[in-house]
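Using the hints, put the two standalone chains together into the complex.
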Amino acid sequence: MPKKGTKSKKVVDDVANEQENKLPDYLELQRTRVVCNADAPIHTLGFQYSGAFAAMGVDNSVSVEKFCKNFKVEINRLTEDDIEFDMIGVDASIANAFRRILIAEVPTMAIEKVFMADNTSVIADEVLSHRLGLIPLDADPRLFDYISENDVPNERNTIVYKLHVSCPKGSQRITVKSSELEWLPEGSQLSMASSAQSGDKQKTFTSFSKSQKQILEKPLGVKFKDITIARLGPGQAIELEAHAVKGVGKVHAKWSPVATAWYRMLPEVVILEEIKGDNAEKLVKKCPVNVFDIEDLGNGEKRAVVAKPRACTLCRQCVMKDDGQKIELRRVRDHFIFTIESTGALPPEVLFTEAVKILEEKCEKVISELS
Amino acid sequence: MTVVDQGDDAAKEELPTPSYRSLAAPLTNPVDKFALLPAFLKVRGLVKEHIDSFNYFITRGIRNILRANNRIEARNDPNIYLRYTDVYVEKPSVQVDYKIERITPHFCRLTDRTYSAPIKVDIEYTVGGKEYILKTKRNVLIGYMPIMLRSYPCVLNGKDEAELARVGECPLDPGGYFIVKGTEKVILIQEQLSKNRIIIDTDSKGRVIASVTSSTHEIKSKTVITMDKEKIYLQLNQFTKPIPIVVVMKAMGMTSDQEVVQMVGRDPRYADLLFPSIQECASERIYTQQQALQYMDEKVTYPGAGNQKEGRSKSILRDVFIAHVPVKNGNFRQKCIYTGVMLRRMMDAILNADTFDDKDYVGNKRLELSGQLMSLLFEDLFKTMNSQAVELMNKNSDKTRSSPLDFSQLIKHEAITTGLERAISTGNWDIKRFRMHRKGVSQVLSRLSYMASLGYMTRITPQFEKTRKTSGPRALQPSQWGMLCPCDTPEGEACGLTKNLALLTHVTTDQEEGPLMNLCKSLGVEDLSLLSGEEIHAPGSFLVMFNGLILGKHRQPQKFANGMRNLRRSGKIGEFVSIFVNEKQHCIHIASDGGRVCRPLIIADKGRSRVKEHHMKELRDGIRSFDDFLRDGLIEYLDVNEENNALIALYEHVDQDGVERSSITHIEIEPLSILGVVSGLIPYPHHNQSPRNTYQCAMGKQAMGNIAYNQLFRADSLLYLLVYAQRPLLTTKTIELVGYDKLGAGQNATVAVMGYSGYDIEDAIVMNKSSLDRGFGRCIAMKKYTVTKENYGDGLSDRIAKPQRDQNGVLVKQNMRALDEDGIAAPGQIIRNHDVYVNKQTPKNTDRRVAGAPLADRDYANAAVTYKGIDGETTVVDRVMLCSDTNEKLSIKCIIRHTRRPEVGDKFSSRHGQKGVCGTIVQQEDFPFSERGICPDLIMNPHGFPSRMTIGKMIELLGGKAGLSCGRFHYGSAFGEPSGNADKVEDISNTLIKHGFSYNGKDFLYSGILGHPLEAYIFMGPIYYQKLKHMVLDKMHARASGPRVLLTRQPTEGRSRDGGLRLGEMERDCLIAYGASMLIFERLMLSSDPYQVQVCRKCGLLGYYNHKLKAAYCSMCKNGENMAKMRLPYACKLLFQELQSMNVVPRLKLA
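Chains A and B are the protein sequences, given in the same order.
Numbering (the numbering used here) for the first sequence: 93 to 463.
Numbering (the numbering used here) for the second sequence: -16 to 1134.
Hints are supplied without guarantee of correctness; some may be wrong.
In silico lysine-lysine, DSS-like type, Cα no more than 27 Å apart, as pairs [said to hold, decoys possible]:
#1 B/K985 to A/K374
#2 B/K282 to B/K205
#3 A/K400 to A/K418
#4 B/K766 to A/K205
#5 A/K342 to B/K890
#6 B/K772 to B/K82
None of these hints come from the bench; they were simulated from the model.
All of these numbers come straight from a predicted model, not from anything done at the bench.
Same shape as in the complex, but just chain B (with noise of 0.2 Å):
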């Protein structure tokens, strides 16, 4: 950038390329609204939602479970009772010798426990006896709640970077997991189908069907309406059979004809549609409400004794179809209005096809986050706690006894705490009370690399099964624009089913929906009971829905809709309450539920921003936070659905053909936030082909870098570290914005693009071996192994003996040489395969032991354990740590170092899917240079281009290059080129040139074996690439002779028993065909388990051989006259003895 001579008119007419501190600087059009991105980063972190759901969890949901369950009486006596009248969860501590200690997360991950936090109660109570006396106590433990790190009462929350450097946290971890028994488990964010919402969808059939899931705290329910052969059923679990819609109506009160058709709509065309219905109805002879009633009690499942039938239907209706409408004193009419909306949908859709709802739709869907499991799981336990109390309190009053009784002695707090913890620790969800049955809700978070963490954060899974092979889940949705990443999805069976969250995602939180109810009738909402059917569906009033339940209509939606957003807007609601009018339905749905999707997006008023520069300056200056954006009304969060009713620009100053400006309402932050964590660290990912970019979102997380600050200090039982882990040169927004460049997991090779050697096709490369000399893909694999030293009752326990010396001291064993003289392995020294590690030795008997006397040394069996590691590697012991663990148990944990430098196999991968495995390593004085004596890292196949059409990786050859030479890191963000988030081809071009590169990036090299120029201009430059964890070492295996199974004596299976490598059933098949009989006759005996046996010729069965007498005998013959000597496969012979055991004989006759 210095290089800007005076006068030199070429330089002046040149753009300046775009600076991080150029596009920082104060420019009047357009504003530069990035700094808005790192300031929500900062308000909100990068696992906000995580923290978010369990903050509300802790702070009400909590609160809202043990206020509906804060009563428990005993049941023969209901003064006897106890009563909750708070709760709170404290602080992380652990309960040690009747002290309480505070516990940090780190010390919870080196000693194996469970970092959680006692749940504390205030009751009030009475105790029986001849009278009742109320009391009250505070502070009673129910339990200990694992708790999310950096939630509330985490002890992270709030702290700064020293702080946490203080116990032992690394600042760019983002928290937003558990710790439980010591590992890191994350509860994965679930998709599922939005609750309490009206979706019309076709069924196998292809018969439309009107669904809705309601689920409310009593209960969780599906109701189905489906059009049959033209007539419309409802379908419930609950009835035998489908019911005709209209019985439905009639049941609930809805007696006339003409009213369920005004319920529906005048239109005459909705009448044509239901009148098969109706006359259905008519034919079965319905006409009142007890005929209809009674009509359906026939059909009730399971009606059991034949009297108890009559009724039920009518309770149906009640609790369990459409179960979120609420049925007050009988008043059936809510639900009425209710169906006559899911008719009237249905028969749009029926209608008109586009009015479809889609189920893959991001609007239709809702995530379920750890505070919302947590929930369930917590109620779930808490009912099963006071049921047991209550159960304790019956047995208890049955018997006679002195105690008075008393509530407050049978809460049992171990229920809540092991039940937590046992969910979490398995990731099995049981809750019986909700029918609840998944497996795999939490996770161990995988701390292979800082990003692979950072990944599973943000991963939400599916709840459907995978196997399906339908593909319309796993499209891309246009509707997941900027809330879902379009990158980031496995490969394979999960592919587009499992999703990451963009980078600005946010989920919503439950929020109280009585205040915004009473606002909106103050705002005109008519109410429903006040309206007829007629009334409802008259034209140009539109139905208000409120998360789901209908709410009344209001004559003016589109000022309904604008009085709300402005609400919303000033502050007055809450900010994630999301207003969307649906002119298709005539609706407008005000949503305040949880687990929305949702993103911060910029107001515009008739296309123009409302954040000006100066709003900018104040947020650069440190003056203006995001959350004063938001408060100011600058900013908003709109859901998928919302966004529906805006119309988004990418930018304020550009723009866009037949979209007129005055109708834009929102202008995006950034158009790289539509792009998830791990995608975001992909250079030029719109330069592309997209699944590119997938593969690269798999690969990123299998880097080798740095994991976190305190990576050396955590006890992971595998770690893989990068001794010289780089920041990349070609960087873009995201990297710096989630600290990929203080966490690198990769390193900037400069690489030729060229053919070399032959050993570099099929995607190998070819590495230089000075580079590999002076530490290129140098990396360190870190083992954890745990030894416990059991305790076996009365004193009795493994010992740990010091090795075993002679009179010199000369260690008599020489497998003991890595151990210090506490008989442990020492920190820093050598140890290599079959050394011991720590020299444990265990009682012989652990039952008959005299009293008090100390065990003498012969009692002791020798248990050393040792340690198996690759021949002729040298591992070091890193560390030794001794704790003791939640048992009382002492455990040792040695953690076991490896520094490996790259060996032909191992795997290696640019930043655009590009992987590789190292095909050779080539002497540096054979590779080629340039001009200016640059030999390349390693050099890669130009093949790898044309197919693969990762343009994107060109381009950070070429911007690395130029970044070199003029000392400034160049961005790549996503879509960063209008917005100078990334260089331009063109700028980054135009430095190469400055500097005396071609524009290209090809430069003229000289054969480093023959010396002479090179035929061609070869494209060379730095590219960051990554060391992937897949390395020979660890999967190379050959075996002559080795270990046999017991059983068959045939040769183990497997690298890590030594396996032989099998010759299967179909190569065996290839062997037979071709002939080859002495092959098979050697692979299948002779190199497997050829066994000699006698055979007696007469009776065919197998003798034994006497070897004091020298000869074969047949035990059944009783003689040893007819024998013969044969081999088979011990195997064979093993089937004729098995076969014998069960009374088959299987005769060899010889010839």
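So that you can see chain A by itself, here it is in the shape it has in the complex (with noise of 0.2 Å):
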């Protein structure tokens, strides 16, 4: 036994000797590539171990100069509310980083408390609070400070929002929508103690020093007009006022300042057989994103090519069946397709800086504990 193990790692030293330090195509695949197979997807997770091809004298470790060198950002498409880019040449765990920070901890602006003066109408007070908390204000949350429990909402710290609406008796039914909020940029109007304490100024429920619009450069509002609050009966009304404050998406989803950010990794769809002739055109008809297309080679002989990779929604139908085994879908490990989709508190291209800016002082965190 041991004489033919030595036998064996010799081979193998000698091969990886002649390849000049570089792996075999099937493990470069294994270590590249997510193979997606008809059945289940496999080599999912890749090779982690920084020495996991060192006895073939290829390194695997992860160094600054690399991703210096490799990586890369592509900017597809972006719009004032999403944003889709290519993140080329980092692990899955740093792109799911970013995924996680902007879906939890980015703060925003948020409706958290709701003084209710009146509601008649057919909503609860609770579930009316929960429809006001989830709406997206348009207010940039990096001019604003966290608030904690002891703190008295000053203009730092807190947005007034005031929602009065209300039905007249005899007219049709109307439907409250986010439009009607109204800010405030002077504080609370709501009084805070009964009227028996007659002092000078009326104490309020809260104590801005200055009036908001001193400190903003533009008026503060909600993203969206549309959004149905509620709906009022003829006779019903509504009166309140909402404190938003400053918050993470992993207290609370309202938080959130992303409807969904994900990635995902870019397909690669490979022939490996030459595809003619009727089984081209089947090819070509079964997939329902349009990754494959014909090329005519001539003299009526058409063969099937790969023209656009990037819609494959992995659906599986060319892998399946007949023509399975000729063709292989893949993903590249290391290139995330990203998409942020905003909620409008900030621009979807400003929230991915600011995720990388929380990541940046997770990092500092970690080393100064370290150190």
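Below you can see the structure in the form of structure tokens.
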């Protein structure tokens, strides 16, 4: 046995030397690609250990130099609400960290406290408050501070909105939309204590030292004007004041700055064996997102080629049944197509830079804790 | 659906996925008959049987009762009488201060009143005096009748949606129940063995018996003929011993043995079987009628005085023995023939075991509905009222009085009002006159969910006790097909006994017998009285039985049956009359009695449906209604018996193996109608393992959702609502028919079927925290708390005081913060545990009072009512209602609302009997996500599938996913694939592929924790999830120290009393066996009721500790010399003292 072992090791060493620190194809494939077979994806985890291929003289470690060399970001689409960009050259864990931070840790402003003065609508106070909380606010959270339990609400940590709608008797029933929320830059208008105490100034639920108009460049409002808050029948009314504070999505989803943020790995479709003629036609038709196309080879010969691999949604129609073995669906392990759908508080590209900042802070924290 | 590329051959080849619109479009073949279902339900409603039955009672039944007992007269002067000439039930109203006010059902619900209408009669009576004066009076009140909602007298009858909304009623509420003292009560459908029919069966000893339960207006009796040791006997309660049947025949005047044999039939095999009986009769030397009667007289039970025995047996034979067969002018011939037929059926059964009757066969069952039950009750109460009037009259006429004798003054309406009200509100039907003692006839209508209340309306309760272990009645009967739902039955002891009606089932009401009988005669039925025994059983001729009576015979049975059926189809006789040709028994059964279950079917001529496309078009255009189909003879109702004469095809266009197309007589309207209302909401039930559907039927009733359109204006004692209830993405036709899509009880959750976190074992589900944040599974629990302001007479009453404040206006007591200035909690106010919601005060002394002087504040004791909630939960006062109840007391109803979000331990269920609790709640970022960024709402463990075999759930997921991507609700109706009422898996898969999903619904998911792709494709898509009413918040219970029972000083028991958890006998045994004595000591004494006692070492009795002298003392020995201190359980000390009080001296011997 030991004889054999030494022998085989030698062989491997030889091969490694021959290829000059390059992995054999099948290992390279395993390292860089997730292969999506018809039944299940394989090699999903990849090789995490830095010395996984040390025996072959291949370095699998993460290094700043490599990262700097390989890392690339390409923006594919950028609108007011969402962004799609390619993030190339990072590990899934890094991409996932950004995703997680985007969903749970980038702060936004959301309504947290609702002071009901009147609510005669059919919708219960708690439910109404819940609905209000979920309305995305058009307020830059970077301009505000967190409020802690003992803090007094002030212009730096609280935004006050007012909602006062009523449906007059005898009219049609009305729908209360988010546009009816009115920003109160001077703070709360509801007086706190009972009327018995008549001080010089009515004490309210906030203590603003100055108007928020002086702090902010643009007036605050809600991002989307057509969100239904409630419906009012004739004779019903809602009067309330809503206080928005800064928070993170971890605590409640209303503070999440994204509708969702996710990534997918870059699809790679490989035709292993040439597909010609009718089979090629069939293959093209099979794909609902038109990944394949037909290349005319002249003299009536047709060949299937991969035209739009990015469009692949992994329905796996092409790898099933007859010509299944001739095609391989893969995902590039270090290429992420990252999508961020913002709820509107911040533009999507800013959200991502915020997320990067938060990750940076975390890293610094770790470093400082360690040192 | 819009994604159809031009020139794309593949898309063209594909079958178009059926949509509701495409189904409604004209098709040449097959005819789409589905539209008949909504048409049927539009005409009849969901609970038509209840309402029909009650309507029959109100319009006809009550009249018949009155007509049968329309005259009462004074005992000693028949000229003083009262005669009822007419009766009618008016619209529901209530008399307030001599003013009659119309009432609505919702008003009754809110004010705890009974929704009842006055029963008025027209009377004719004589006033006695010197001469009799005939007087008439109209509109005399004889009582208030609780009114079934949506019946004829109900104000809701015939109202449209807007009008219903105006009276505060939900248009989707089916009606069919009563409101008694503010609670909604349903009279459940009672299942019984059919009356007046011969049932051949074997008894417990294996003897063949023929039994008839006769029921007439006068008497109910049971006649049993048994065969014991080859001899045949009659068993009747009125006889001490079984009587040989030949003796009975002789007693009825059939003295010739030959005639008896002829009556049974001339077949020598019958004669052989009959021979021992004849021989026995002969050996008793009974040859004449006289002798037979004498013989029977001796066997009469309770003969009383010896002489009265004579003639008793004849009257028993006349009145009790097969009582429903009439004896006219002392002519027993009909009874003889009937007995002959019974004997013949018995012998058939002996010769051929196939002819035994099956008691569980649905055709041998009758359903008793609210109308019949109410009419029994009313009849009894009406008779009681009359006899009371007669009694009063007799009493009055004994005394010489100045006022003339007048019956109209003696009719008291309270008896009927309270009698009806009490019976419905308690559910006890105790009618002595009919020897009826039933409990639980009416039940409170469950308003937990819309499905629960619908389920109550279709429920059928059995008559026999549930404890019997027999499996026969519990088994699924083939004859239930289409009549009773095969899925909807409870689990446990009532399994298979309590059943539910299917969607299209109708229960008949009684129909006039006379005209039908005459019609039969004119169709060639030969009268019995003209026939000899020989002729009756002549081969080829059939006996015609009408509602269990022998009407005669007919020589051409098929022709006769066809004739009758044609009359029925042309509407000449009632549509519910059933004509059943029983080839085996050589009988034609015609039935027009009430309580039979029947269902509509399409008539087919030689396999060709009579309903053609143009009929359906007319229906869709609204020109034709369901009743027109009936009238035109396209559709008819068949009851269970008549179904045996029909060959019913499922579909017109599908040929079945071995079935001659031309022999098909009927076609099913829709196969999904074999299921009931509750099981109708399961998608793809025909793909599920059967018990799963049964489980879902039980769970669908516990699901929270919307209850009715008026749910927020109701005052139920407990109400669970879902905040964001949705309609299911994957619907069924039944869902649309019953309105579940308008009052849903669940939400469409995106479910990923995978293992996650280990908190998902044993059916637990993992939930997405962000989904919960966004409102998934959020529910509102509303509870009603009622406080009544008591009156004590003399103008003395409770008072409601405003909350006490100090001079600064600050509340003196913090727990009064929820109160308004009127002393009652203010709506919208947050109310916490121990807060006061009604600040009530009661007068300290209710009897002593200075006349006229108002009570001072100090005369009132505080009796504030506090809210007992859960600490740490925010509950809100939703509404406060003030009304005066029927006793003119002020009743304050506070409805307290609690909004809850799902937490670990709350119970959820899909629509496939797959319940599970929430195992853990996980942050969204930790949840897996798909390539499209979709993140599931909950994760279900795949181990839930293999053993449950709920394929329907998988198809629901697929269909839901396809529905989402193509923007069309998919259908999953039972057995709906051939008719297009359910989408086929293949079509669904094609839709999925078209939208870039895998055909099998499995997605490529990334781990939310590590970010890498998951090593398997995950089955993910929307499934309709129900939140069930069982929530941890209502159940969790723990205690460290707390209240104790006064007597024993041990911890209290039960969650409601904040009790401890008992270490029971078996647990104690374990500890003993283990030898953990210190633990036992701790559990049973230290943690329970330790008590220090002084024990006298000398006498061994308990002493006491004198705190003044600081010394222990024995009151027995009269000294404190030998006292010892020890601890025992207080219960032990109590036992000693109790024993001492009984002169038993327990002595403690201390070592």
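Now for the hints, and whether the structure bears them out:
Pair hint B/K985 plus A/K374 holds up; C-alpha atoms about 23 Å apart against a cutoff of 27 Å. Taking the CA atoms of B/K282 and B/K205, the gap is about 17 Å. The hint holds against a cut of 27 Å. Annotation: proposed proximity of A/K400 to A/K418 holds, straight-line Cα distance about 18 Å (limit 27 Å). Straight-line distance between C-alpha atoms of B/K766 and A/K205 comes to about 26 Å, which keeps the hinted pair within the 27 Å bound.
As the CA atoms of A/K342 and B/K890 are separated by approximately 25 Å, the hinted pair is consistent with the 27 Å bound. Distance hint between B/K772 and B/K82 is fulfilled; the C-alpha atoms sit about 25 Å from each other, no more than 27 Å.
Violated hints are absent here; each numbered hint is respected by the structure.
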